[in-house]
Each structure stands twice: as C-alpha cells, then as structure tokens.
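Take the two lone chains, each set in its own frame, and fit them into one complex as the hints suggest.
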Amino acid sequence: GAVVSQHPSWVICKSGTSVKIECRSLDFQATTMFWYRQFPKQSLMLMATSNEGSKATYEQGVEKDKFLINHASLTLSTLTVTSAHPEDSSFYICSASPLAGASGQFFGPGTRLTVL
Amino acid sequence: GESVGLHLPTLSVQEGDNSIINCAYSNSASDYFIWYKQESGKGPQFIIDIRSNMDKRQGQRVTVLLNKTVKHLSLQIAATQPGDSAVYFCAENLYGQNFVFGPGTRLSVLP
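Residue numbers (the working numbering), protein chains in the order written: chain R, 1 to 116; chain G, 1001 to 1111.
These are calculated hints, taken from the structure and not from any lab test. Note that the structure is a prediction, hence the values are computed from the model and not measured. Using N, Cα and C, we set each Cβ at its ideal position, and we do this for glycine too. Each hint should be verified, as a subset may be incorrect.
Derived lysine-lysine pairs resembling DSS-like cross-links, with alpha carbons at most 25 Å apart [stated by the list, open to error]:
| id | chain 1 | residue 1 | chain 2 | residue 2 |
| --- | --- | --- | --- | --- |
| 1 | R | K14 | R | K64 |
| 2 | R | K66 | R | K55 |
| 3 | R | K20 | R | K64 |
| 4 | R | K41 | G | K1056 |
| 5 | R | K20 | G | K1042 |
| 6 | R | K41 | G | K1042 |
| 7 | R | K14 | R | K66 |
| 8 | G | K1042 | R | K14 |
| 9 | G | K1056 | G | K1071 |
| 10 | G | K1068 | G | K1056 |
| 11 | R | K20 | R | K55 |
| 12 | R | K66 | R | K41 |
Computed footprint of chain R on chain G; a stretch qualifies when at least three of its residues, placed anywhere within it, have a C-beta under 8 Å from a C-beta of chain R [to be verified]:
| id | stretch |
| --- | --- |
| 13 | 1040-1049 |
| 14 | 1101-1110 |
This is chain G alone, in the form it adopts within the complex (with noise of 0.2 Å):
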C-alpha cells in the first residue's frame, strides 16, 4: 500500500517496567510474522519472530503473542531498559512473499 505521512505513535514506560507494544496486521492469511527494532539511522534489527500456527512464543526478555482472530500481534518487552528505547515494527509475511511493514511505534524508555 500507498505510505501516508504518520506521526508515529509513542509509548513511553518507566525503566524497569514491563512494555507492550500492540500491531494490527492486514491479510489474515498471512503466516509467519516478525517484531524489528530500528534505532535512529540504523537498518532494522530482528527481535522475535512467529509462525501462525502459535500464540505465544519466549525470547530473552521478550515475548510475541499472536491472536489470529483480530489480526493482533503483540511485543511485550520485560523489565525495559534505556537500551530498549527505539521503533519497533511488525511485519507480516505469507508464505514466503515479501514482508509488509507496520507503521512502527516509538518507544521510549524514562530513567
């Protein structure tokens, strides 16, 4: 689809706190998902990532959870650090074709 100029929406949580980071996704057949995280002038980091055939799935301080029904991913980052202060974006992938991008939200993480 077409980029429309956003204002990126932010979340900000105190150090230490657990976050959440929420993303819709469009094509409800879509399979396989990933969570980025961008840090200012830098390429896209992989966090997490997801195939459709699970709900939930454990990183180091992160988890996805996936919920088919609303096309909603979640990222849920424990005891947040200043280090955790970037974008993050989900992308969604079916079956192998190219990703599509969220519009990524801002976190950031106050002392």
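One chain only, chain R, in its complex shape (with noise of 0.2 Å):
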C-alpha cells in the first residue's frame, strides 16, 4: 500500500514553454501533497505544500506565478512549470499523506525536467 505514482518521469521541452507534472496517491486519499526540487548531488527542497481544495502555501523564495500547484482531488495533484527556462531543469519529486501536515508523507518517483 501507500502507493505515489508521478507523471511523467521524465520531460525535455523548449525553453519558454509549461510543462505539467501529476501526482498521484493510488491507493490512499492524500489530504496534504507536497512538492520538492532537487538539483543533482543535493538535498531535497520543499517547494510547496498542497491541500485538497485549497490553495498551495510556497516556501520562501519559490514563485507561486511560475510553480502553479492544483489539488483538486484527494488522489491528485499538479505541479505546471509556467514559462520554463533552462535553470528549471531539476528533478521534481512529490509525496503525499493521508494525514494534515507532513508526517507518514509517501514519496513519488520523481519527474526529470529537462529545458533546453
């Protein structure tokens, strides 16, 4: 159980274009998603987290015009990279809970953005 699936799990698109990146709870309805971006040979940073219904809270320093996350169900969330530039280029990783706030959070298997 717990399953996240992403989707894709790896996109290259031209620069100036959106990509759109899903992420799913198969088997568990996720009250709380969260985004994250991890540039090679680092950590993994929170980029926002996503409550079913209600709009994302971004960490400091992330554009919320530029990441637009959508939870619009219990199993699904979006993460659109709006106007995307080579330094975009990141390995972008979701997880989800079943329970309000960050604990038992279940970890996707990432997407590859690629800008060109």
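Structure below.
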C-alpha cells in the first residue's frame, strides 16, 4: 500500500514552454501533498505544500506564478512549470500524506525535467 | 534554508561490514526524524523513523540512534549489501510541519 506515482517520469521541453507534472496517490486519499525540487548531488528542497481544495502554501523564494500547483482531488496534485527556462531543469519529487501535516508522507518516483 | 552546491560526502564500506551514516539536525525542538534511501533517478524511500522520546529504534538490519543533546542522528546498517548503495538522507520534522532534509550521504558498497 501507500503508493504514489508521478507522470511523466522524464520530460524534455523547449525554453519558454510550460510543463505539467502529475502526482497521484494510488491506494489512499492524500490530505496533503508536497512538491520538492532536487538539483544534482543536492538534497530535497520543499517548494510548496498543498491541501485538497485549497491554495498551496509556497516556501520562501519559490515563485507561485511560475510553479502553479493544483490539488483538485484527494488523489491528484499537479505542478505546472510555466515558461520553463534551463535553470528550471531539475528533479521534481512529490509526496503525499494521508494525514494533515507532514508526518507519514510517501514519495513519488520523481520527474526529471530538462529544459533546452 | 537555501541550497548550496555541495559535494555529497561518501562512505565506502566492504560488503558484509556494518555501515554507520551520521546526520546533524538543526532544530533542537524537532520531534520526529526519518531516514530515507534514494537510489539514482528515483524518489526517496522510507527506511526507518524515530520520535524524540526515544534514543534508539531497530528495524530489519537497520538501527537509528538519536542523541538529542548534540542534535545527532545515526543510521546503522548491518551486514551491508550491494543493494544498500544509495544516497541516504535524514529528515527532521517539528510538530507535523514540513520535513527538512539533511544534505545526504552517498553509501558505496565495495565487493
């Protein structure tokens, strides 16, 4: 149980285009979902926290107009990187928690974004 | 905090030996800690957790030790196997708020 999937697993796009990444909890309802970014050889950095049906809470320094997060249902959250640039190339990882808050979160496999 | 480009510390151990991976956490009020394993190109995988009211917790082949006095966590892996090769992160959590991840340690298991 407690499986989280992400789609796509790898995306390559041109600079200036927008990319949507999906995060799904497959066998549980996720009250809270988290989006992380991980640059090579670095740790995970939390970008935002989203609760179903409400606006996401963004970490300091993360542009909410650039990284659009939608948590429309208890099993799906999406991250849209708008007007992507090469510096947005990174590994994006989501996690989901069946509980309010961060305890017990389960991670997705990650999505590698390469912006040319 | 901001991310700084770091060269991941690496621990190399011989197959069959025990591994000890260390982590210093930042907030003395953190009350929940998790060790994650991340293989290349994959998301983090839960290994073991511990709450601040405990000093030690054991799982299958893994043990986590918590020293609150010096804000230090360690992960011990017994009889390290090639499949244990990965990057290991500790994460601290305060009252159910967001997790803060440590910088990670790369474990390389030598044949």
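Evaluation of the provided hints:
no.	hint	verdict
1	K14(R) x K64(R)	holds (21 Å)
2	K66(R) x K55(R)	holds (15 Å)
3	K20(R) x K64(R)	holds (14 Å)
4	K41(R) x K1056(G)	violated (29 Å)
5	K20(R) x K1042(G)	holds (19 Å)
6	K41(R) x K1042(G)	holds (13 Å)
7	K14(R) x K66(R)	holds (16 Å)
8	K1042(G) x K14(R)	holds (24 Å)
9	K1056(G) x K1071(G)	holds (14 Å)
10	K1068(G) x K1056(G)	holds (11 Å)
11	K20(R) x K55(R)	holds (17 Å)
12	K66(R) x K41(R)	holds (24 Å)
13	1040-1049	holds (count 6)
14	1101-1110	holds (count 4)
In this structure, the one hint that does not hold is number 4.
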